Every structure is written in C-alpha cells, then in structure tokens.
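Visitor: With the hints as extra help, turn the sequences into a complete structure.
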Amino acid sequence: MSPAGDRFFARVYALVRQIPRGRVATYGQVAGMLGVPRGARAVGWALRALPAAQAARVPWHRVVGAGGRISPRGGPGPQIQSRRLRAEGVRFRGAVVDLARHGVLAGE
DNA sequence: GGGCTGACTGACG
DNA sequence: ACGTCAGCCAGCC
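Just remember that my numbering sits 1321 ahead of the position in the first sequence, which is counted from 1.
Don't read these hints as lab results, they were simulated from the structure. Predicted model, so just to flag it, every value in this text is computed and none were measured. Be a bit skeptical, because a hint or two may be false.
[Unchecked claim] Here are the computed distance ranges between Cβ atoms for each label pair:
1) Gly1356 x Arg1407: 13 to 21 Å
2) Phe1330 x Arg1405: 15 to 23 Å
3) Gly1398 x Gln1375: 12 to 20 Å
4) Ala1374 x Arg1422: 17 to 25 Å
5) Arg1328 x Arg1407: 27 to 35 Å
6) Phe1329 x Gly1415: 31 to 39 Å
7) Asp1327 x Gln1400: 33 to 41 Å
8) Val1417 x Arg1328: 29 to 37 Å
9) Arg1328 x Arg1359: 12 to 20 Å
10) Phe1329 x Arg1394: 27 to 35 Å
11) Pro1397 x Val1417: 19 to 27 Å
12) Arg1405 x Val1357: 33 to 41 Å
13) Ala1421 x Arg1328: 28 to 36 Å
14) Ala1387 x Gln1339: 17 to 25 Å
Glycine is no exception: its CB is placed at the ideal position from the N, C-alpha and C atoms.
Guide: Now the structure itself:
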C-alpha cells in the first residue's frame, strides 16, 4: 500500500514528534526505527523539507547527527537548535550532545 | 528511466 | 583532531 499519508517524510515527522522532551535522537537512529538503517541521509532530507507550519509541532531540534553532533545546516541555525536543546535540559559535552544520557535508546 | 541533490555516516590520510 | 572521499536512501527535474 502507498497512500499519500504513508510517505517517508510523513513517517519521519510522526516519529520525531514522538520524541519526548529532553530526549535526543540521531538521523541514523530515526532511519533505523523506520526500517532503513542506512537512510540517515533520507531522514535529513525529510526534515529539510519540513514546512515551517509543521516545525511548530515537530521537535526537529531533537534530531542530531551521529555521536550527538549538531548538523551545520540544521534548521534555522545550529545555534538555535543547540540552544533549544539546552532549554530542555539536555546536557552538552562541548559542542556535542550527551547521547549516553539523552539518547532515545539511552537509559533515563 | 537516468541523473542530481542533500539537516548523514563511517573510513582514510 | 580535522578535512576529504565514497556509499546509501528518497524525492524531484
């Protein structure tokens, strides 16, 4: 089946929207949950196509690169993204997010 | 159907 | 630790 609502980006948004506050997931992580472990790039493409209207309800800032690195082309700006994450209480290790503590698969 | 692009990732030098 | 190269996936021309 392949209705309009089953598009890849729709699944990405739905999954990202379910990321709890203070929690962070990587592009590869999201891709893996969608069943495409090597589709990290596709996930980035999907978030890049994220409409501003959807951005309000989709916590795109909770999606970072492998190792917790903030993508240089993330949304309105990498600084905004990291700032938003910090506002949620996410711990940073320099310019890198502490996935061991806030990772989706990481323990509480 | 072929080729290009990109909010990625891991390997190399 | 840093810059570069090649591989992968989905959408658009």
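Visitor: Hints numbered earlier in the text: which of these fail when held up against the supplied structure?
Guide: Failing hints, ascending: 1, 4, 10, 12.
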